[in-house]
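Asks: Now for the letters of each chain:
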Amino acid sequence: MSMMNRIQTKLQEDKKLLSIYFTAGYPQHGDTVKIIQSLEEHGVDMIEIGLPFSDPLADGPTIQESSTHALTHGMTTEKLFSQLQGIREKVSIPLIIMGYFNPVLQYGVEAFCKKCREIGIDGLILPDLPLREYQLQYKEIFDAYGLLNIFLITPQTSDERIREIDAASNGFLYLVSSASTTGAKSGFGQDQQDYFKRIAAMGLRNPLIAGFGISNAETFAQATEHTKGAIIGSAFIKYLTENGADSAGDFVKRIR
Amino acid sequence: MTYNVDENGYYGEFGGAYIPEMLYPNTEEIRQQYLQIMQDPVFEKEFNDLLRDYVGRPTPLYYASRLSEHCGTRIYLKREDLCHTGAHKVNNTIGQILLAKRLGKQRIIAETGAGQHGVATATVCALMGMECIVYMGTVDIERQAPNVARMKMLGATVRAANSGSKTLKDATNEAIRDWINNPVDTHYIIGSVVGPHPYPDMVARFQSVISAEIKAQLQEKEGRSRPDYVVACVGGGSNAAGAYYHYLDDTQVGLIAVEAAGKGVDSGESAATSYLGKTGIIHGSKTLLMQTPDGQITEPYSISAGLDYPGVGPMHAHLYASGRGEFISITDDEAMKAGRMLARLEGIIPAIETAHAFAIFEKRKFKADDLVVINLSGRGDKDLQTYIDYFKL
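Chains A and B supply the protein sequences, listed in that same order. Residue 546 in the numbering used here sits at position 34 of the first sequence; the count goes up by one each step and never skips. Residue 354 in the numbering used here sits at position 222 of the second sequence; the count goes up by one each step and never skips.
Keep in mind that the hints were calculated from the coordinates and are not lab data. Treat the hints with caution; some may be incorrect.
If you want the ones that stay clear, here's a sample from chain B, every Cβ over 10 Å from chain A, calculated [stated by the list, open to error]:
{"no.": "1", "residue": "Tyr194"}
{"no.": "2", "residue": "Arg358"}
{"no.": "3", "residue": "Asp501"}
A few chain B residues that face chain A, going by a derived Cβ cut-off under 8 Å, partial list only [to be verified]:
{"no.": "4", "residue": "Tyr150"}
{"no.": "5", "residue": "Ile151"}
{"no.": "6", "residue": "Pro152"}
{"no.": "7", "residue": "Asn313"}
Just so you know, even glycine gets a beta-carbon here, dropped at the ideal spot from N, CA and C.
When you get a sec, could you build the whole thing from the sequences and use the hints?
Replies: Spelled out as structure tokens, the structure:
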């Protein structure tokens, strides 16, 4: 890649990165851009914009409900792209679209990637597009439009497969903290610390960003002890549900 | 040209394993071991002994003379309704529980629509002394109450799935989430030829005993192992996969798949996936899928809980796309009437799922000397309340 992707640039900063996930079109259909701007203003380093899906298999109840709500209130792939039009005049931090593969497939993988490039999206996280299918069918398209594809690894992922995923990645590895769907209340115990430490010691090419089960300043600090940063999703969505989109900045202030 | 799975887990363009990384170790473990385990003579013997002595196989291939006369063709019924637990589902659960034991799993999860797969799973878990949790949509819990009671009687825990249309798709989502949360000690017994590779192939292989028996039985009765047509109802497609399996590449045998049209294919309340579906991803497989133009999975509808599914197994998607299979959709009303017809002509009350297969004679003509095998996949005891309400019995 000739030009460095915003994600890659951000990962070189000498700090622990705070990344926030939220579901596009939630709590209100028109909140997407407002939330993105507010998160950047309050010092968030990176954002995962959730493209809602009817059947989010890897998600717990909080993200499921926010997705259903967003879809019921009219969110579609096309509408999300139109909301994000011109976003690069407003924010400069890395933006990642996170969702399931089927809506991308229906939009057309190439058309989707092209649109992401036009808007200024830096990467995609599609948990149900596995490494092998990606490499066989879609990698060239992602590369052509300068998009990073971010892969997950879990406590059950073998060292051999971690190395394979690391070799195929050019941004960060999404370190799923425990065997669970999103938002599961596991907290951070010795098991997580040992697992993070073990992965950190593997000397991988890509930095690690932890996710799943991170909800506040304490778990953020624990999760980033052995990683480059952490992603908060369900806890942020719960906060928005209770306090509305204008409270996005308040949530961030509680983390750092 | 083969209509069976290839080495990458695809049937033509359909299949594969579109699963989150959390499920990769589990499915990979099965993928690496299932063929070896299934081909082990000790496993084969254990499986076949249980099919014979516990399930009651081989099931009869019965010449239905009154039905044949009524429909103007020659019809044999493969009596899967006579299997222990009342449907073909148990062929697969016997196989998978033995596989789960080989893999050292202690806890079994399953999804169910009509409850037949749930009962078949609860049954084999009781047989092997293993913990059993069955996910079932709230709507299905109501309309298939006898099967819920049977699962509880067998010691299984039935967990209600409350998302979406509260039917089979949603029960499957919940089972997959359970597996994500319990990746080490749990085996997920999928009940149909759906899900990520190798599930469609594994389930089809366990069900393939149906067509293996049809071949031998037809040879004995008719002096030929090849019928002109094999007919089966298709929701996810497991009974059809079993009935077609040994005829897949024998193109002289017509394969007829009968889908649920619900209140009509264009009514907005239907489960006719071949007609309404487009290629997409559901439950880890690339297949035909009912969805919005935006790629959101739409809610299906059928009076029969077992056919009320917005996708179809990748084998069937390929049979449809390639033209190898002939797909016919049958409405609720047509199925209910066909169920009564079979009861009155042959003294067999079929499951409502199965009843769909018997409605094709109103839609399609067969020659008088055609040899048609219908897979009678399940019996109708569980559907008595629906029959009572429909016919005001």
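Asks: Confirm or reject each hint.
Replies: Status of each hint after checking the structure:
no.	hint	verdict
1	Tyr194	40 Å, holds
2	Arg358	37 Å, holds
3	Asp501	46 Å, holds
4	Tyr150	5 Å, holds
5	Ile151	6 Å, holds
6	Pro152	4 Å, holds
7	Asn313	5 Å, holds
Against the hints set out earlier in the document, no violation occurs for any number.
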